[in-house]
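With chain A held as given, fit chain B onto it using these hints.
Here is how the chains run, residue by residue.
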Amino acid sequence: MTTLEQLSEAISLGKNKDARLFAQRAIDENIPPAQIVDHALVPAMALVGERFKRNEIFVPEMLIAARAMKEAMTLLEPRLIAAGVTPKFTAIIGTVQGDLHDIGKNLVATMWKGANFRVVDLGANVSPAKFVAAVQEHRPHLVGLSALLTTTMPAMIDTVRAIRASGASAVKIVIGGAPITQQFCEEIGADGYAPDAGSAVDKASELVAAGAIDSPP
Amino acid sequence: MPLTSAGPPALALIACRVLDLELAGFTRGAAHIVRCETFEMGLHDRPSELRSTLAGAITRAEADPAVECVVLVYGLCGLALVDLAPRRCPIVVPRAHDCITLLLGSKERYAACMREEPGTYWYSPGWNHGQRVPGPEREATWRREYTEKYGADDAEALLEVERETFAQHSCAGYVDLGLAGNAADRDYAERCARLLGWRFQLHAGDPALLRDLVEGRWDEARFLIVKPGERIAHSPDETIVRAVPVAAPPVLVAR
Chain A
1 MTTLEQLSEA ISLGKNKDAR LFAQRAIDEN IPPAQIVDHA LVPAMALVGE RFKRNEIFVP
61 EMLIAARAMK EAMTLLEPRL IAAGVTPKFT AIIGTVQGDL HDIGKNLVAT MWKGANFRVV
121 DLGANVSPAK FVAAVQEHRP HLVGLSALLT TTMPAMIDTV RAIRASGASA VKIVIGGAPI
181 TQQFCEEIGA DGYAPDAGSA VDKASELVAA GAIDSPP
Chain B
1 MPLTSAGPPA LALIACRVLD LELAGFTRGA AHIVRCETFE MGLHDRPSEL RSTLAGAITR
61 AEADPAVECV VLVYGLCGLA LVDLAPRRCP IVVPRAHDCI TLLLGSKERY AACMREEPGT
121 YWYSPGWNHG QRVPGPEREA TWRREYTEKY GADDAEALLE VERETFAQHS CAGYVDLGLA
181 GNAADRDYAE RCARLLGWRF QLHAGDPALL RDLVEGRWDE ARFLIVKPGE RIAHSPDETI
241 VRAVPVAAPP VLVAR
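Chains as they are written, first to last, in this note's numbering: chain A, 1 to 217; chain B, 1 to 255.
Since the hints were derived computationally from the structure, they do not count as laboratory data.
Do not rely on the hints blindly, as some may be mistaken.
[What the hints assert, rightly or not] Part of the chain B face toward chain A, derived, beta carbon under 7 Å:
1. L79
2. H97
3. E148
4. A155
5. A157
6. L158
7. L159
8. V161
9. Q168
10. P236
Keep in mind that this is a model prediction, so the values were computed, not measured.
Yeah, the Cβ is synthetic: ideal placement off N, Cα and C, and Gly gets one too.
Isolated chain A, as found in the complex:
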């Protein structure tokens, strides 16, 4: 197994200390930090998401894997900055109004940072107006909306409508959270749905690439 494969396995199994060990080893082997994120962290979290969907693992296992991923990221983040890897894209992320759950949102924010997005985290219980104000201030390429509860899914609809109505038509909106589905994404006119933190990275990259946006909307 290569170091990146070992790192990926350590993260997906939630082995915190091994994740740190193999992340350090990958750095020592002069593997560029962005490559470590792309080829070890992203696939590991995607695998965790798939296992969760298949009921092979549950929330605790996912959280343990996230902790291992964050452990690796603490070593990689300063090196990404030192390597002069400047974020090409900006993303805003938040949990929608009425919803205080932020574990999933935090996980996606960390993953997006790892994938070289500048991430503006608005926190939890964010009103549509606050999302719109942040879109106008930061002019992001991407907005991520999270909701854990079915009670707060209508707030996600309101937020998508508010962002569209604000005239920021080019910004891509990606949604996620336990009750969110691809069908709901299509129904409310969001641009993408990410079932887990790993695929949130792929979806974000795919959306900004598809938009061929090199300058903010």
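Just chain B now, with coordinates in the frame of chain A:
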């Protein structure tokens, strides 16, 4: 299948054990309830498992010739009810996101409470007894279970994540339906609030929704009746659930 002058149809109740105490009060001696199956609380954390559990229970209820109608004493519960479809008997479900709606008496009241205090974590006798609410027993129980399963180091990390999650909450809301032993449960919720540094809020329960659900008073505003050939679908608006033909394509929400 509305209530007729002859009384409610013969019911099979399929319920979550978190409502055991409350249901006992409404179903004792009710001749129209011909069978009842209950399942462990907290299955909403694993919606696909809850869905298949309920589907199995529906099949068993429909195989009982005495049953005319199946009542699900559940809310939408993390979308677990979506796609459940009866074959022989109509299924009745409350228009509710979860059991708290059933304790508070209406989805409108639940929504108002959450608008007023989105940081509410809900307590009830069932949740208290199941040690599922944030408090001293829950942490001790979960520390034991996590340590057994994941080892001490990961157990502490998981508990830390939990504490972070709860840190977003600011209020323990206890729903008081006036059940026997209620004072002890209310006191427990208040003690948890003090321990967590949260405000404590007492909400008077309203049994009307739960009582009408099991007694067969099903108006369209509060209940959904799903007929054979239909399935339950989520409606991301104030109606919460809707019935669609089994093979229906998704209904688009107006943008």
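Evaluation of the provided hints:
Among the interface hints, the one on L79 of chain B holds; its C-beta lies about 5 Å from the nearest C-beta in chain A, closer than the 7 Å criterion. The criterion of a C-beta within 7 Å of any C-beta in chain A is met by H97 of chain B, whose closest approach is roughly 5 Å, and the hint holds. Because the smallest distance between the Cβ of E148 of chain B and any Cβ of chain A comes to about 12 Å, over 7 Å, the interface hint for this residue is violated. Residue-level restraint check for A155 of chain B is violated (minimum Cβ-Cβ distance to chain A is 9 Å; threshold 7 Å).
The interface hint given for A157 of chain B holds, since its Cβ lies 5 Å from the closest Cβ of chain A, which is under the 7 Å cut-off. For L158 of chain B, the suggested interface contact is upheld, since its CB lies about 5 Å from the closest CB of chain A, less than 7 Å. Of the supplied interface hints, the one on L159 of chain B is violated, with its beta-carbon coming no nearer than about 10 Å to a beta-carbon of chain A, more than 7 Å. Evaluation of the V161 of chain B hint against chain A yields a held restraint, the C-beta minimum of about 5 Å falling below 7 Å.
Interface restraint check: Q168 of chain B against chain A, minimum CB-CB distance 4 Å, threshold 7 Å, status holds. Interface hint status for P236 of chain B: upheld, as the beta-carbon distance to the closest one in chain A is roughly 4 Å, under 7 Å.
When the structure is compared with the earlier hints, violations turn up for hints 3, 4 and 7 and for no others.
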